[in-house]
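Going down the list, the sequences are from chains H and Z. With the working numbering, letter number 107 in the first sequence gets 107, and the count goes up by one each step, no holes. With the working numbering, letter number 106 in the second sequence gets 106, and the count goes up by one each step, no holes.
The set of hints was computed from the structure by calculation and includes no laboratory data. No residue lacks a Cβ here, since even glycine has one placed at the ideal position from N, Cα and C. All the pointers check out, no bait thrown in.
The calculated PhoX-like cross-link candidates involving lysine-lysine, where the alpha carbons are at most 20 Å apart (straight line), are: (1) Z:Lys216 / H:Lys30; (2) H:Lys35 / Z:Lys216; (3) H:Lys125 / H:Lys193; (4) H:Lys193 / H:Lys35; (5) H:Lys198 / H:Lys120; (6) Z:Lys196 / H:Lys35; (7) H:Lys198 / Z:Lys196; (8) H:Lys193 / Z:Lys196; (9) Z:Lys37 / Z:Lys250.
What follows is a list of derived Cβ distance ranges for each label pair: (10) Z:Trp218 / H:Lys125: 43 to 49 Å; (11) H:Leu168 / Z:Thr242: 38 to 44 Å; (12) H:Ser25 / Z:Ile68: 30 to 36 Å; (13) Z:Phe12 / H:Leu172: 48 to 54 Å; (14) H:Leu172 / Z:Phe90: 28 to 34 Å; (15) Z:Leu138 / H:Ile176: 41 to 47 Å; (16) H:Leu172 / Z:Phe237: 44 to 50 Å; (17) H:Ser15 / Z:Trp77: 24 to 30 Å.
Listed below, chain by chain, are the residues.
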Amino acid sequence: MHISEGVLAAPVLISGVAAAAAGCSVGLRKMDFDKTPRVAVMASTFFVASLIHVPIGPSSIHLILTGLVGIILGWASFPAILVALLLQSILFQFGGLTTLGVNCFAMAFPALLCYLIFSKLINGKNQSLAVIAGFLAGFCGVMLAVIIIAAALAISGEQFITVARLILIAHLPVMIIEGLIVTTIVVFLRRAKPELLKGVV
Amino acid sequence: MIYNDFTSGDSFIHRFDPRIKILIALFFSIITALSNKIPAILSFFVLAIILVLISKLKFKILFSRLTIVNIFILFIWFILPFSYPGKIVFHIGSLQASREGLINALEITLKYNAIILCNIALLSTNPIFQLTHAIRHLGAPDKFVHLFFLIHRYAFVIFDEYKCIRDALRARGFRPKTNFFTYRTYAYLVANLLLKSYERSEQVHRAMICRGFTGKYWVLEHFALKWRDIFVAITIFTAITTLAIIQWMKIL
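Work out the full structure: start from the sequences and follow the hints.
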């Protein structure tokens, strides 16, 4: 999920950079050097997962998994997502340098919120609560990201309000599919490797 | 699929100091993103095209990349003219397209492509080792430098792993459709990737410790700033700054 270059207003871009920088500096400080390989390899996995296209009717969507990124990477979501976005812009020319801040914040902040809110339930003893929390993490991860992106567009100019609205509506099915996929992954990992869901940082 | 097609090549831009390339790309992107006059934006667009021409990239790949990333821009052209209030130029049924809306859409298209072209010429032409080395010199924190290098490195490894699972699914006759079975299958695919990666990350960590990892990114070849690099850098920076001044001092 991206906002393109050349669309947003200066104040929005600057706030994005400030917010992302703050998040990244906390994230990096909380991440010990010993954790870098783990954060990196898990982040690479999410990078690859975002290349997977899932069919929806005649079209397809790519996985975002913001909520799951948060659950697994915790505070390290910020620097990990920043690097992933940088790589996307270098390798595929999706997004560029000036929107890095806004785009990083739009993905990493929801990830972090999902971690703070749902991590306990997902790792709890109660299986059905974990299933619900997994769905909500997947759903809210995308929802919050879309809301931040729509807000960034709407603040940048009145003419973008229609675009923002369309983006919100278009992502509704995405939120549901992400919810289903994340909760399935959560159930699987609770059985196969519970410590993976504890959050790296 | 995730291979960078623009690093191979032998042009002046490819040999240019990556540290300077990053700084120019950053400066260029910021000034272009903040521009709001068509003549200024157009000149940045031309400047970006010149950079791409100097770097002698394969036109076919370049063109296909630009087409893909311009799909979003197409979407803008369908909406902006009709949602921007202003002088009506034409209408389709009850939808009225405004002049200001069309101009705004044109501005965005030019800015976007200028920045993308500049990024291709200045960022995508660097091998990842050099980029990592350069961001370290430009003051990125050590942990960030490691993340950058390792995430790139393992994205390729895990992508191969993903291809294996995908091919296995295909061999068993899996056809993705819009149903719960497909979504569950993809969920298990990602879960398996995560599982494998988690175990791999332990191996990577142990291997790094065995090799005496203390948190420093070592490099064998160091950058050497040449006079030619400095000269070209000053020329480009001056060009961008002049355009910015002309634009914002309302000389245009």
